[in-house]
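K.L.:
Single-letter residue listing:
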Amino acid sequence: MNRRASAVLLGVTVAAFALAGGLGARLVSERSASAPAGGEPLDSAPPPVVFTTIVLGGFRGVLADILWLRASRLQDQGRYFELVQLAEWITALEPRHTEVWAFHAWNMAYNASVMMPDPEDRWRWVQNGIDLLRRDGLRYNPGDPLLYRELGWLFQNKIGTVNDRDNRFYRMRLAREMDALFAGARPDFDALSSNPDRLRAMRALQLAPGIMRAVDARYGPLDWRLPETHAVYWAARGLRHAGHADGLMCERMIYQSLAALFLQGRLLFAPERDVYLTGPELDLFPRIMGALDEARERHGETIDAACRGFLNEAVLLLHLFGRDGQARAAFARLRELYPSDATAGGYERCVETLLASASAMDGPAPLVSAVAQGWCYRARLLQAGGRADEAADELRRAGEKWNAYLAGMPPERRARLRLPTYEELQQLADDRARRELAPAQSPPPREDGVPPPPAAGNPTPEEPAP
Amino acid sequence: MQTECGVAGPGGFLIRVGGMARLTFRSAVRSRLVLTLALVLLAVVAGLPATLKGDGTPAGGARVILHYTLGLAALVLGVVTLWTACGAIAEEVERKHIQLLVSKPVRPAEIWLGKWLGILCMDALFLGAAGLAVYAQAARYAAALPPAARQGLRQEVLAARRAWRPAADPVEETVDAAYRSLAARRALPPNVPARETRAELRKQALARFTVVPPGTARVWDLPASRRVRVPAAGTPLTLRYRLVSTGPGRFAAAGVWRIGTAENPALAEEAARIMRAGTHDLTFPAGALARAAGEGRALRIEFRNGDAETSAAVVFDPEEPVRILAPGGSFGGNCARTVLVLLCVMALVAAVGLAASSALSFPVATFAAAAAIAAALMIRYFAAAAAEPEAGHVHRHGHAQATDGQSAWLRAGERVIPALDVLVAPATRFAPLGRFADGVLVSWGFLGGAAGVLGVGYPALLALLSIGVLRRREVALPA
Numbered sequence: 004m005n006r007r008a009s010a011v012l013l014g015v016t017v018a019a020f021a022l023a024g025g026l027g028a029r030l031v032s033e034r035s036a037s038a039p040a041g042g043e044p045l046d047s048a049p050p051p052v053v054f055t056t057i058v059l060g061g062f063r064g065v066l067a068d069i070l071w072l073r074a075s076r077l078q079d080q081g082r083y084f085e086l087v088q089l090a091e092w093i094t095a096l097e098p099r100h101t102e103v104w105a106f107h108a109w110n111m112a113y114n115a116s117v118m119m120p121d122p123e124d125r126w127r128w129v130q131n132g133i134d135l136l137r138r139d140g141l142r143y144n145p146g147d148p149l150l151y152r153e154l155g156w157l158f159q160n161k162i163g164t165v166n167d168r169d170n171r172f173y174r175m176r177l178a179r180e181m182d183a184l185f186a187g188a189r190p191d192f193d194a195l196s197s198n199p200d201r202l203r204a205m206r207a208l209q210l211a212p213g214i215m216r217a218v219d220a221r222y223g224p225l226d227w228r229l230p231e232t233h234a235v236y237w238a239a240r241g242l243r244h245a246g247h248a249d250g251l252m253c254e255r256m257i258y259q260s261l262a263a264l265f266l267q268g269r270l271l272f273a274p275e276r277d278v279y280l281t282g283p284e285l286d287l288f289p290r291i292m293g294a295l296d297e298a299r300e301r302h303g304e305t306i307d308a309a310c311r312g313f314l315n316e317a318v319l320l321l322h323l324f325g326r327d328g329q330a331r332a333a334f335a336r337l338r339e340l341y342p343s344d345a346t347a348g349g350y351e352r353c354v355e356t357l358l359a360s361a362s363a364m365d366g367p368a369p370l371v372s373a374v375a376q377g378w379c380y381r382a383r384l385l386q387a388g389g390r391a392d393e394a395a396d397e398l399r400r401a402g403e404k405w406n407a408y409l410a411g412m413p414p415e416r417r418a419r420l421r422l423p424t425y426e427e428l429q430q431l432a433d434d435r436a437r438r439e440l441a442p443a444q445s446p447p448p449r450e451d452g453v454p455p456p457p458a459a460g461n462p463t464p465e466e467p468a469p
Numbered sequence: 003m004q005t006e007c008g009v010a011g012p013g014g015f016l017i018r019v020g021g022m023a024r025l026t027f028r029s030a031v032r033s034r035l036v037l038t039l040a041l042v043l044l045a046v047v048a049g050l051p052a053t054l055k056g057d058g059t060p061a062g063g064a065r066v067i068l069h070y071t072l073g074l075a076a077l078v079l080g081v082v083t084l085w086t087a088c089g090a091i092a093e094e095v096e097r098k099h100i101q102l103l104v105s106k107p108v109r110p111a112e113i114w115l116g117k118w119l120g121i122l123c124m125d126a127l128f129l130g131a132a133g134l135a136v137y138a139q140a141a142r143y144a145a146a147l148p149p150a151a152r153q154g155l156r157q158e159v160l161a162a163r164r165a166w167r168p169a170a171d172p173v174e175e176t177v178d179a180a181y182r183s184l185a186a187r188r189a190l191p192p193n194v195p196a197r198e199t200r201a202e203l204r205k206q207a208l209a210r211f212t213v214v215p216p217g218t219a220r221v222w223d224l225p226a227s228r229r230v231r232v233p234a235a236g237t238p239l240t241l242r243y244r245l246v247s248t249g250p251g252r253f254a255a256a257g258v259w260r261i262g263t264a265e266n267p268a269l270a271e272e273a274a275r276i277m278r279a280g281t282h283d284l285t286f287p288a289g290a291l292a293r294a295a296g297e298g299r300a301l302r303i304e305f306r307n308g309d310a311e312t313s314a315a316v317v318f319d320p321e322e323p324v325r326i327l328a329p330g331g332s333f334g335g336n337c338a339r340t341v342l343v344l345l346c347v348m349a350l351v352a353a354v355g356l357a358a359s360s361a362l363s364f365p366v367a368t369f370a371a372a373a374a375i376a377a378a379l380m381i382r383y384f385a386a387a388a389a390e391p392e393a394g395h396v397h398r399h400g401h402a403q404a405t406d407g408q409s410a411w412l413r414a415g416e417r418v419i420p421a422l423d424v425l426v427a428p429a430t431r432f433a434p435l436g437r438f439a440d441g442v443l444v445s446w447g448f449l450g451g452a453a454g455v456l457g458v459g460y461p462a463l464l465a466l467l468s469i470g471v472l473r474r475r476e477v478a479l480p481a
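Chains as they are written, first to last, in the numbering used here: chain A, 4 to 469; chain B, 3 to 481.
Hints may contain errors.
As the list claims (entries may be wrong) - Subject to a maximum C-alpha distance of 25 Å in a straight line, what follows is the list of computed SDA-like cross-link-like pairs (lysine to any residue):
#1 Lys161(A) - Ala165(B)
#2 Lys161(A) - Ala279(B)
#3 Lys161(A) - Gly58(B)
Unchecked claim - Partial pick of chain B residues on the chain A-facing surface, computed with a CB cut under 8 Å:
#4 Lys55
#5 Gly58
#6 Pro60
#7 Arg275
#8 Arg278
#9 Leu342
Said to hold, decoys possible - Which residues of chain B face chain A? A few of them, derived with a C-beta cut under 7 Å, are:
#10 Ala52
#11 Leu54
#12 Asp57
#13 Gly62
#14 Val66
#15 Gly280
#16 Thr281
#17 Arg431
In short, the hints are calculated from the structure, not lab data. Keep in mind the model is a prediction, meaning the values are calculated, not measured. Heads up, the beta-carbon is just placed ideally off N, CA and C, and yes, glycines get one too.
Turn these sequences into a full structure, and let the hints steer you where they fit.
P.N.:
Now the structure itself:
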């Protein structure tokens, strides 16, 4: 080849490179426009991942398929020890595919975990799933709302519901971890900056103090030892990056988790004595109502069923726990938004209907438990008001109903729900009374913050109230 | 290629082959690409363990390190070997160095064997280094663990446990007996070919041996074995079993495993709650059972399934029977034998590369050899698909409207693929990494089999083919 031809070819090559460089920026911007969450270059990915994705080009899909087949085969054989590594490689090869991250996290947290007989092993797999999203998924896709929602779902559904046999173990482990990290139910946000160790530990869990504070201020005060609080946190983070459709999913997660916290957001936790008891967190009522109103504004009637359900529960529980002012406000809102025969008769009539329905004890277990706690608490209120006989009657009825409820439950379901005993219901009522009533009217606290067991005269499941 | 043999006798043969091997080895280790890949190999064995993640348990972490580090090292070395072998003869032809070679008194067989041995020496060097590095990495990993976890790891993964299996279930004998019984009673189904009747009887026999419904038990007898070592004090024995099903859905099975001797069938007993299909390990504490095993006495294993209210039916895998894993050797020895089996694999890869190199130019040889190896690794999947009755059904009906030409291709494929599978199957049997990473003994017998099949059998066939090609090939054409 002569020199002239070489020079021409060199010139063409340089021109092609220049053209490709010029088009590159446009292509990137168009890709970003068409896929807001996945279009940006992999700036946040570590060099090996960037190198792999560029060098392998189209072949990385083939390699990901091969690894995926291996993972499936090993999983079929019941050999799970390579699953974490394979999931990490597959997601690194397809770092922009939300579904790939979501699948592998879900596979570990749900499929692999339930195959383990030991709760400790199960929890490790749940954590592996969470870590995959929290540590790597969000690093590569910090603007993908679906990943935040998937992460929140693991807290809301896997840890926060009773779908898993060992859900209580998971809740305990999460609560223990957070309790150790925050030295209590929630961090002291003002003092965080002076504690670099705590900040480092929080950073490892992707818990951003600023966002936590904002979430707590907007929806709280929240107990950060509870999985629903973490679901709210991750959904709120996802909401920052979400469009309309993704936003609805994140908002749903927020108000569903807040509604769950309304029923069981007050935690009595003493791990050394295996105490993990939850009761209603009624202070959240205005915050939940605010979140629902915002969601209704944006998404209209798709929120109605949730909103109506919450308002009914709120009227009932606020009334049972002696917060009549808030109960009436909730009723007014219910009547305004969803007028019906039940609301037409006024507040007293509505409460009467709800109480009759609650007495049937056939609702979801958290609601039934909250109602039973409400009865016990009412007895404390009556006692504090000098109406001891009525209080004893209320307690007797509560004990009979609750024990009958527990006795009618199949043993496996009872073990899975791990509902409080009647004695524990009273501990919760005592704890609440100590916090909310005047000191003279409530029983003295124990040194470890956990209320004492009921006095000898109090009824127990084996010994119903007289 | 025509050469003359100037030095006669075995001594001359060895000298010529040795000289050729030395030249090949020197040329290979001086190659830039080989040097680069060697550096990659070094990076793999040195750096990969730091980046690998197990399932969070010490045993899981160690298994992943052992499997992937040695596996990736073998993969990189396989590429180096194939590349070197494909260039060994083809590049000499292309550069016309072969003209110099054929003018000397060296036979084609000596050229082929010398080059093959030279490449194997390079492989042995790299694999030896990789094996030592993996051993060191495993030791380092274990040293970083707390004492209890370390001990568990040494018993479970950094070990060489011999699998002590019961005699195979007499499935075929049962089928024969049932078939004879049906024939004697004139109860064979009419108009059904004997093959299909026997296939149905085989399914029933397999079900009898593998399914344990609730409330029933299954017993396996392990014959006396003198090869099981007397376990050290505190060394537990592992019972390994594989289930293909545990009843419908997610229902768990719950049963009791007992191991003992004929005189005392319950030397050890463990309850098991089985959540899933797959491989399960159950550890039995050392004691009377370990002593009985160490003395090589016959053992009896029993699985008694729970009742129908608490348990589901379990189905044992007929391909992987219940077995006891007992101490059978040291981890270091297992590592060395694993490396030697991998060397046998490299011997076959080198032979494939040299065979391609004897007939084709370098790039074509590389492509053809890589494609042949990839096809060989995948052929069993195609063969399994071809053997599926459903697949046949689809072919018969799905192609009813196809042209005759397509049908002929498909028919040919259905015959050729199983034949190729039979040809290749012996070579794919020797995969030592799973055993090694699982702490299961890679025995001398396994190594001997690998040496015979991968190190001698297939290479000898390929060598004959290559030598035949080399003898007839005109390698000294002018440019």
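K.L.:
With reference to the structure, classify each hint as holding or not holding.
P.N.:
Status of each hint after checking the structure:
no., hint, result
1, Lys161(A) - Ala165(B), "violated (39 Å)"
2, Lys161(A) - Ala279(B), "holds (22 Å)"
3, Lys161(A) - Gly58(B), "holds (19 Å)"
4, Lys55, "holds (5 Å)"
5, Gly58, "holds (4 Å)"
6, Pro60, "violated (11 Å)"
7, Arg275, "holds (5 Å)"
8, Arg278, "holds (4 Å)"
9, Leu342, "violated (25 Å)"
10, Ala52, "violated (12 Å)"
11, Leu54, "holds (6 Å)"
12, Asp57, "holds (4 Å)"
13, Gly62, "holds (3 Å)"
14, Val66, "holds (5 Å)"
15, Gly280, "holds (1 Å)"
16, Thr281, "holds (5 Å)"
17, Arg431, "violated (18 Å)"
Checked against the numbered hints given earlier, this structure breaks hints 1, 6, 9, 10, 17; the rest are met.
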